[in-house]
Amino acid sequence: MTSNRYRDILKHGAIWAFILVELTFFSIAGEYLSVSDKAFMDFDNMLLLLKQSAPIGIIALGMTIIMINGNIDLSVGATYALSAIVLLDSMTWPALQAMGDWAIPLAWGLALLTGAILGAINGLIVWKTGVDAFIVTLGSMLGYRGLVFMINGEQPTSHLNWTLVDFAEAQFLGLHTASWFLLTAALVLWLMMTRTVHGRNAYAIGNNREAAVNAGIRVGPHMMWNFVLIGFLAALSAVVFYSESGSVNPNDGMLFELWAITAVVLGGTKLTGGYGSIISTLGGVIAIQLLRKGLGHIGAATETVNLVIGLILIAVLLLDRQLNLKGKQELKI
Amino acid sequence: MSESIPVLRLENIVKTFPGVRALDDVSLSVLPGEVHALMGENGAGKSTLMKVLGGIHAPDSGRILIAEEPSVMTSPQHAKARGVVFIHQELSLADELSVAENIFLGELPLKSFGRVDWKTLYDDTDAILKTLNVGFNARTLVGDLSIANQQMVEIGRALTVDPRAVIFDEPTASLTDAEKVVLFKVIADLQAKGVGIIYISHRMEEIFKITDRITVLRDGQYRGTLNTAETNEDEVTQLMIGRSLDLSRNVSHHEMGDVALEVRGLTCGKMFTDVTFAVRKGEVLGFYGLVGAGRTEIAETLFGLRTPSAGKILLEGQEVQINSPIDAIRHGISLVPEDRKNQGLVLGMNCRDNMTLPQVGDLTAGPFVSDGAEIAIFDQYRDKLDIRTPGWRQIAGNLSGGNQQKIVIGKWLSMRPKVLIVDEPTRGIDVGSKSEIHNLIRELAAQGYAVIVISSEMPEVLHVSDRIIAMFSGRVMREFTSEEVTEDTLVQAISGISADKVA
Numbered sequence: 001m002t003s004n005r006y007r008d009i010l011k012h013g014a015i016w017a018f019i020l021v022e023l024t025f026f027s028i029a030g031e032y033l034s035v036s037d038k039a040f041m042d043f044d045n046m047l048l049l050l051k052q053s054a055p056i057g058i059i060a061l062g063m064t065i066i067m068i069n070g071n072i073d074l075s076v077g078a079t080y081a082l083s084a085i086v087l088l089d090s091m092t093w094p095a096l097q098a099m100g101d102w103a104i105p106l107a108w109g110l111a112l113l114t115g116a117i118l119g120a121i122n123g124l125i126v127w128k129t130g131v132d133a134f135i136v137t138l139g140s141m142l143g144y145r146g147l148v149f150m151i152n153g154e155q156p157t158s159h160l161n162w163t164l165v166d167f168a169e170a171q172f173l174g175l176h177t178a179s180w181f182l183l184t185a186a187l188v189l190w191l192m193m194t195r196t197v198h199g200r201n202a203y204a205i206g207n208n209r210e211a212a213v214n215a216g217i218r219v220g221p222h223m224m225w226n227f228v229l230i231g232f233l234a235a236l237s238a239v240v241f242y243s244e245s246g247s248v249n250p251n252d253g254m255l256f257e258l259w260a261i262t263a264v265v266l267g268g269t270k271l272t273g274g275y276g277s278i279i280s281t282l283g284g285v286i287a288i289q290l291l292r293k294g295l296g297h298i299g300a301a302t303e304t305v306n307l308v309i310g311l312i313l314i315a316v317l318l319l320d321r322q323l324n325l326k327g328k329q330e331l332k333i
Numbered sequence: 334m335s336e337s338i339p340v341l342r343l344e345n346i347v348k349t350f351p352g353v354r355a356l357d358d359v360s361l362s363v364l365p366g367e368v369h370a371l372m373g374e375n376g377a378g379k380s381t382l383m384k385v386l387g388g389i390h391a392p393d394s395g396r397i398l399i400a401e402e403p404s405v406m407t408s409p410q411h412a413k414a415r416g417v418v419f420i421h422q423e424l425s426l427a428d429e430l431s432v433a434e435n436i437f438l439g440e441l442p443l444k445s446f447g448r449v450d451w452k453t454l455y456d457d458t459d460a461i462l463k464t465l466n467v468g469f470n471a472r473t474l475v476g477d478l479s480i481a482n483q484q485m486v487e488i489g490r491a492l493t494v495d496p497r498a499v500i501f502d503e504p505t506a507s508l509t510d511a512e513k514v515v516l517f518k519v520i521a522d523l524q525a526k527g528v529g530i531i532y533i534s535h536r537m538e539e540i541f542k543i544t545d546r547i548t549v550l551r552d553g554q555y556r557g558t559l560n561t562a563e564t565n566e567d568e569v570t571q572l573m574i575g576r577s578l579d580l581s582r583n584v585s586h587h588e589m590g591d592v593a594l595e596v597r598g599l600t601c602g603k604m605f606t607d608v609t610f611a612v613r614k615g616e617v618l619g620f621y622g623l624v625g626a627g628r629t630e631i632a633e634t635l636f637g638l639r640t641p642s643a644g645k646i647l648l649e650g651q652e653v654q655i656n657s658p659i660d661a662i663r664h665g666i667s668l669v670p671e672d673r674k675n676q677g678l679v680l681g682m683n684c685r686d687n688m689t690l691p692q693v694g695d696l697t698a699g700p701f702v703s704d705g706a707e708i709a710i711f712d713q714y715r716d717k718l719d720i721r722t723p724g725w726r727q728i729a730g731n732l733s734g735g736n737q738q739k740i741v742i743g744k745w746l747s748m749r750p751k752v753l754i755v756d757e758p759t760r761g762i763d764v765g766s767k768s769e770i771h772n773l774i775r776e777l778a779a780q781g782y783a784v785i786v787i788s789s790e791m792p793e794v795l796h797v798s799d800r801i802i803a804m805f806s807g808r809v810m811r812e813f814t815s816e817e818v819t820e821d822t823l824v825q826a827i828s829g830i831s832a833d834k835v836a
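Chain order of the listed sequences is L and G. All the letters of the first sequence, read from the start, carry residue numbers 1 to 333 under this note's numbering. All the letters of the second sequence, read from the start, carry residue numbers 334 to 836 under this note's numbering.
What the hints contain is simulated information worked out from the structure, not anything from laboratory work. Some hints here could point you the wrong way.
Stated by the list, open to error - Only pairs whose alpha carbons sit at most 25 angstroms apart, straight line, appear in this in silico DMTMM-like list of lysine to aspartate or glutamate: (1) G:Lys751 - L:Glu210; (2) G:Lys603 - L:Glu210; (3) G:Lys674 - G:Asp719; (4) G:Lys413 - G:Glu344; (5) L:Lys293 - L:Glu303; (6) L:Lys128 - G:Glu817; (7) G:Lys674 - L:Glu210; (8) G:Lys674 - L:Asp132; (9) G:Lys674 - L:Asp320.
Bear in mind that the values here come from a model prediction, so they are computed numbers and not experimental data.
Based on the sequences and whatever the hints tell you, model everything.
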């Protein structure tokens, strides 16, 4: 029993321990190797880090839920780009321009709706056809990206609204707007997964779909709702980011799906479903961003960053496997 | 055949895992030409002992002797090279490969440049298949074979070497009676060749039919070896669980209420035809028949997992439409499925969440699930069903089979069903917990629940049922009351012999 609990703490706390190791390492290494003379653990630096985690982070939160549910969504990067285009393009429409600053909430709403609809399409196909979510979203990833190029051509879509930029760059209680969105989304989704019926059923479906069906759970609608949710979150990530940057390239958001999955897996959520946590994903997101920033801080070339993250991901999964194997062996007795 | 030298001897094996002494000074010897049963409850140490023999676990102390020669096993392959082969309960075959490729997997005969010598492969395989007396050849795809024939392929694998000892681990778990006969013939052939056989099974019937000696383990300790001819089921059971198991006929008589569920002319494609029966409140109705007789399919139809092609289902006299488990649950029909781990439980979830799963939607306070309401339900049924777990946080996958089954039963009882269907209530559950589940079923009936029990074990059906329906090939052959039923008439009914005198 005690060893069980010990292992649980180890598994849930591992990502935070890893973040501490990173912080320590980069702080010490930074003393000797840093290209700037600012300390790594500078408060402003950490706030910025949180803000920079937001775009992938918000998507990764949704991905956690999708993966706990036993699915995967590869189309989030394309959904992100398409929602961003809707956001920026809609503000140039005469009808919206006539509304002055009231165009902003409307444009946000349209972009978020776009994301939710794209997610709903994925969810509906997965639900009604029974085709594996990997295949369905691989298809929609290509399809949605195709739409981006059809609308945009090779050109960026740009529109700067200074009211919007001010809002996006604002700091409230020290935290940037993007950070607030990340943390609020994490809190809401954490409550949803741990405390609501929908969250409970999502875990059950991911862990044992047949048993869930036998308990009278409507599997399809739960999966559908989660796809709507991740579409919405991909769009939320887009509106938060592009409100500030004001320009979207047709290739934006590419590989976001893989970064999101990396963060989720690093946080300990299982690819097979039924197990995972929103808070640990938040840890995974922060750990990756720390690594990028830290390696930059000590003057490592940007090319090495991906190599290091890749190696760490594999090492983490290897460790997880060892822990699980050990657990299973004890169980069999 | 030198009777005196055992083909295989395990001597004073000790194996500990962190916190547990899994094997404590266990010895076992197998003579040539002997079928030696290894028995014990789940967790008694049978699998650990076999893993030590197969080189998967290294023993802390003790020796393994093959033909009186001390050996250190490092892997199942290594054991096989020494003539000790394992035939596992779970088949590990590649469906898309031929029988020959499966049998010689990893040891395919080769020609130059690593090319497979197909001719030798097929010839060798056919030679092995001939000794097994099977009706398929080396080129058949394994995926096209029945489970029983796949098991033959698994046995064929053991015969690629000249085995000294063969270990059968629950080989009959998924076989029909006819298929068992074939398996026993193969075992007898091996025996005649002087091969020593370790036979692991929970089924007493088989043990007494084919084995020469029985070694019993309990809690990792050696409890004794008996000559099969000189002992009986009671003695073996007592060694296994420390007391005897009550499997007497059901004689209890209590008041029965109105008809809870009635089924008229229910038909589902080729699965079952024209099934009619009724079950009263306070009654246990047993369904007995061979695997494939359509019993589980009837349960699945009543639970909304299959759509009937004809017939009516009436609940308390009202006709109902059941198109999904959601409908069934709403109408008060619950199913404790046959395959607990895959169909009944969410193994990765804790006990409480498993128990409240179908009704968690009704246990909310505002947007959130009410912890208190859930724990109250869990506590109530933990006490009522005597579920032994350290607490509700325990992951269901970590519980013993008996306690898992109680969680599934508690899950439905807490929703106050009108009809409780229990499919194979004690499959994979150790002897000690079996009688607890049996008592529980009787007790539920006494409390006024209508219970349907489906079982492949005759003593179990006889022990718990007030009435028994015998099925054969998708049809109801005969209905018995507990007073009139005899083992002979029951066996006749389920093998289709009494087909002309349908009740």
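Hints, one by one, checked against the model:
| no. | hint | result |
| --- | --- | --- |
| 1 | G:Lys751 - L:Glu210 | holds, 23 angstroms |
| 2 | G:Lys603 - L:Glu210 | holds, 23 angstroms |
| 3 | G:Lys674 - G:Asp719 | holds, 20 angstroms |
| 4 | G:Lys413 - G:Glu344 | holds, 20 angstroms |
| 5 | L:Lys293 - L:Glu303 | holds, 13 angstroms |
| 6 | L:Lys128 - G:Glu817 | violated, 51 angstroms |
| 7 | G:Lys674 - L:Glu210 | holds, 10 angstroms |
| 8 | G:Lys674 - L:Asp132 | holds, 23 angstroms |
| 9 | G:Lys674 - L:Asp320 | holds, 24 angstroms |
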